[in-house]
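One letter stands for each residue in the lines below.
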Amino acid sequence: MNARQAPLDTPLIELINVTKSYGSGSASMQALRGVNLTIHAGEFVAIMGASGSGKSTVMNLIGCLDTPTTGSYRFKGIAVEQLDRNQRAQLRRYELGFVFQGFNLLSRTSALENVELPLIYRGLPNAERRQLALNALVTVGLQGWANHTPSELSGGQQQRVAIARAIVTQPAVLLADEPTGNLDSARSIEVMEMITRFNQELGITVVMVTHEPDMAAFASRVVHFHDGLVASDVQKPGASS
Amino acid sequence: MIWNTILLALREIRRNVLRSFLTVLGIVIGVAAVIIMVTLGGGVTVKVGDQISSLGSNLLIITPGKRMGPGQVSGAGPFKIDDATTIAREIPGLAAVAPMSSRAMTVVFGNQNWSTMVSGITDEYFTARNWAVQAGRQFNASELRSGAAVCIIGATVQTKLFGNQTAVGQRIRLQKIACEVIGVMDAKGQSTMGTDQDDLVLMPLRTFQRRIAGNTDVNMIQVSAQKGVSTEKVQRDIERLLHELRHIPANSENDFNVMDMKEITKMLTNTTKVLTGLLGAVAAVSLLVGGIGIMNIMLVSVTERTREIGIRMAIGAMEREVLLQFLVEAIVLSSFGGLIGIVLALGGSFAIASALSVPFIFNAQIVLIAFLFSAAVGVIFGYFPARKAARLDPIEALRHE
Numbered sequence: 001m002n003a004r005q006a007p008l009d010t011p012l013i014e015l016i017n018v019t020k021s022y023g024s025g026s027a028s029m030q031a032l033r034g035v036n037l038t039i040h041a042g043e044f045v046a047i048m049g050a051s052g053s054g055k056s057t058v059m060n061l062i063g064c065l066d067t068p069t070t071g072s073y074r075f076k077g078i079a080v081e082q083l084d085r086n087q088r089a090q091l092r093r094y095e096l097g098f099v100f101q102g103f104n105l106l107s108r109t110s111a112l113e114n115v116e117l118p119l120i121y122r123g124l125p126n127a128e129r130r131q132l133a134l135n136a137l138v139t140v141g142l143q144g145w146a147n148h149t150p151s152e153l154s155g156g157q158q159q160r161v162a163i164a165r166a167i168v169t170q171p172a173v174l175l176a177d178e179p180t181g182n183l184d185s186a187r188s189i190e191v192m193e194m195i196t197r198f199n200q201e202l203g204i205t206v207v208m209v210t211h212e213p214d215m216a217a218f219a220s221r222v223v224h225f226h227d228g229l230v231a232s233d234v235q236k237p238g239a240s241s
Numbered sequence: 001m002i003w004n005t006i007l008l009a010l011r012e013i014r015r016n017v018l019r020s021f022l023t024v025l026g027i028v029i030g031v032a033a034v035i036i037m038v039t040l041g042g043g044v045t046v047k048v049g050d051q052i053s054s055l056g057s058n059l060l061i062i063t064p065g066k067r068m069g070p071g072q073v074s075g076a077g078p079f080k081i082d083d084a085t086t087i088a089r090e091i092p093g094l095a096a097v098a099p100m101s102s103r104a105m106t107v108v109f110g111n112q113n114w115s116t117m118v119s120g121i122t123d124e125y126f127t128a129r130n131w132a133v134q135a136g137r138q139f140n141a142s143e144l145r146s147g148a149a150v151c152i153i154g155a156t157v158q159t160k161l162f163g164n165q166t167a168v169g170q171r172i173r174l175q176k177i178a179c180e181v182i183g184v185m186d187a188k189g190q191s192t193m194g195t196d197q198d199d200l201v202l203m204p205l206r207t208f209q210r211r212i213a214g215n216t217d218v219n220m221i222q223v224s225a226q227k228g229v230s231t232e233k234v235q236r237d238i239e240r241l242l243h244e245l246r247h248i249p250a251n252s253e254n255d256f257n258v259m260d261m262k263e264i265t266k267m268l269t270n271t272t273k274v275l276t277g278l279l280g281a282v283a284a285v286s287l288l289v290g291g292i293g294i295m296n297i298m299l300v301s302v303t304e305r306t307r308e309i310g311i312r313m314a315i316g317a318m319e320r321e322v323l324l325q326f327l328v329e330a331i332v333l334s335s336f337g338g339l340i341g342i343v344l345a346l347g348g349s350f351a352i353a354s355a356l357s358v359p360f361i362f363n364a365q366i367v368l369i370a371f372l373f374s375a376a377v378g379v380i381f382g383y384f385p386a387r388k389a390a391r392l393d394p395i396e397a398l399r400h401e
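These protein sequence lines are chains A and B, in that order. Position 88 of the first sequence, counting from 1, maps to 88 under this note's numbering, and the rest follow consecutively. Position 203 of the second sequence, counting from 1, maps to 203 under this note's numbering, and the rest follow consecutively.
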């Protein structure tokens, strides 16, 4: 895994003519029909589109949870479609952080242990793991909540634990799938400000799927999907690519 | 990586203490059952051996008649006292040759009566059976020679006829004769075959022959070999001698029987060993059932935790890490179950052993085997659910409600 040694000018994420179809024969459904998308390190990209437009499929591909049917997905220059399940798992472990709409924390497990989880898979020693996890919880404003289980936390707090879990490994890319979908507007703005902060201060590339224009407004670039294709790709004025 | 996986598995078990406990209950019971059965079986085997050797060390029992089949003995002439004296004279290495003759009779004292076994014996009996009186005295030489009306009773007869009263010096009635009690035997308790060894009345053989049997027959000769003398050789010598004495044609079977108590001991301990093995095997089946219980719960758990597995995979868990986590969970669970079972079994078999007055014999081997077996159950029955978990598609798993 030489991802970190890729040439500087290589885009972080590069989708080349990517198609994705599900099922086979007459029952097959084409979710992506030739998508080209390039994302550079440090960008904050919002992906929008109606349901069925292919935005979730694109997120799964970028998140290395799935592989394209045809075309190529390069992450730091590595052709992901040529990797096997375990190699893609390694890529997720070392390069990606996930935030989901439904938080997806482990129930009956403390906030601290949830945040520690990706570090356990990285094989960090006990003390270091604990310290990093506590730091991450402080970063998301949850000092003092480390020993609470998800059921004892509000939705906004749960999502912040999830964000802490995603950034505790300092990933190259934070993938957020409707991160504010289950939150009220005040909590949504808190979460978005936090994600923006990580993008700007830590330089973590953010790719976020949302259908709310208010949330997309936090991004520096908005990509619209329609019917399995990129319909528009707008760079915000003033934002550098 | 192994250590991290064990950490994850332990956290998972802690997350669900009650269910984890119920899951391993089958293993706990299985391991406990196997260990209890085998431990108690071992204790019984030892007890049987002890009891038989308490009958008298190196004891051989000679009875007239040949074995026809199980329990059947054909009619053959009884022995006489001369047979016993000849055996004592001709065969080297004997400690005692005790002829005896017995009959079931009712003994009466006051308004109490009790049906028991009355035996005529010589004083060699006490040597051969390695048995002594607890109160009173043994027969003296003149009583034995003259056939005096004296008797020694067993502990059971003492209780039944006299209760707590002193028996020595009293007269009991056997049919028409009145007999003075001069001693009470030491209590021996139940024999391995379940008969009460203390339920007997002893009198001089001459008294028995003259006043009860009305003949000069001897029903049984008990022989004890000296220490260090092979009972097999003594048995062969006696067989050869009696063959001659009783004028049996060379090619026909003996009309008498020489039983070596050692052989009976061996036979009985073998029987209890086989029974122990059988009980252990039945108990092992419950271990198997416990294993299936673990597999069942693990499969349910995989389905229930599908989303969690999806989260782990999204975070970067590899197939083999998920597999290992579930496998380790199963092994840790079943080994925990095994340990709890061992503790329960040791306590339980100690309690049962003392309740049944069987010696408690710690069998480290079976404890180790049961533990390893319980861990193996975890591996075998945990593998299938673990593989199912590891092969889940992360996207599907994350979408699972």
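Among these hints, one or two may not hold up.
Unchecked claim - Stretch by stretch, here's where chain A covers chain B in the computed footprint (C-beta under 8 Å, at least three residues): (1) 28-38; (2) 260-270; (3) 387-399.
Unchecked claim - Beyond 12 Å from chain A on every Cβ pair, some chain B residues (computed): (4) L245; (5) I311; (6) I315.
Please keep in mind that the hints were generated in silico from the structure rather than gathered at the bench. Glycine is no exception: its CB is placed at the ideal position from the N, C-alpha and C atoms.
Violating hint indices (sorted, rising) = 1, 2, 5, 6
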